[in-house]
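Asks: Sequence:
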Amino acid sequence: MDTEGLSHVDAGGRPRMVDVGAKVATARRAVAQAVVRFPADVAAELQRTGMRGKKGAIVDTAIVAGTMAAKRTYELIPFCHPLALERCDFAIEFVSATELRIRCEVGITHKTGVEMEALTGASVAALTVYDMCKALSHEIVVAEVALIEKSGGKRDLVAGRPQE
Numbered sequence: 026m027d028t029e030g031l032s033h034v035d036a037g038g039r040p041r042m043v044d045v046g047a048k049v050a051t052a053r054r055a056v057a058q059a060v061v062r063f064p065a066d067v068a069a070e071l072q073r074t075g076m077r078g079k080k081g082a083i084v085d086t087a088i089v090a091g092t093m094a095a096k097r098t099y100e101l102i103p104f105c106h107p108l109a110l111e112r113c114d115f116a117i118e119f120v121s122a123t124e125l126r127i128r129c130e131v132g133i134t135h136k137t138g139v140e141m142e143a144l145t146g147a148s149v150a151a152l153t154v155y156d157m158c159k160a161l162s163h164e165i166v167v168a169e170v171a172l173i174e175k176s177g178g179k180r181d182l183v184a185g186r187p188q189e
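Numbering-wise, the sequence shown is residues 26 to 189 according to the numbering used here.
It is worth saying that the hints were derived from the structure and are not from the lab.
Treat the hints with caution; some may be incorrect.
Here are the simulated lysine-lysine pairs, BS3-like style, with alpha carbons at most 30 Å apart [as the list claims (entries may be wrong)]:
id, residue 1, residue 2
1, 136, 96
2, 96, 80
3, 136, 48
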């Protein structure tokens with residue numbers, strides 16, 4: 026396997042944490058999203074109840090869980106740097122009759138990006154929605170976890186496309 030372009034692999038092919046010591050701290054931002062798909066009857070019930078279930082306020086709990094996960098990404102993904110996030114915001118809304126979109130935006134001024142923190146936040150928020158709703162159906166699907174935007178590093182990404 027050619028490992029030349031991989032930043033977390035050394036010349037000998039061994040895993041390593043990227044050295045960011047010589048980098049300049051810049052404002053970094055990343056937006057990730059996950060989609061939760063519900064069976065139509067479950068989605069209708071959740072919308073009717075204002076996204077409240079037997080376990081409580083679904084969206085509020087997902088925001089708390091996603092924020093906690095984003096802040097602890099370095100504990101979950103081996104080569105992520107521990108970061109003191111300056112911002113972690115969520116937007117959670119139904120974008121169709123059966124699809125709930127969860128967007129996580131993370132920001133920091135640092136030497137490394139926050140893509141993994143945004144992806145982790147969106148993922149865990151989506152998993153929390155699943156957990157809080159699984160009593161209604163096990164046909165709920167967490168899908169399309171993706172990085173949507175990032176800025177402040179070597180390569181920016183806008184609407185899922187690299188920017189030159």
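Asks: Decide, hint by hint, whether the structure agrees.
Replies: Okay, the hints, checked on the actual structure:
1. Note on residue 136 and residue 96: the hinted pairing holds, with a Cα-Cα distance of about 16 Å set against a maximum of 30 Å.
2. A threshold of 30 Å between alpha carbons decides the hint, and for residue 96 with residue 80 the separation of about 24 Å falls inside it, so the pair holds.
3. With a CA separation close to 6 Å, the supplied pair residue 136 and residue 48 stays within the 30 Å bound.
The structure meets every hint from the earlier list without exception.
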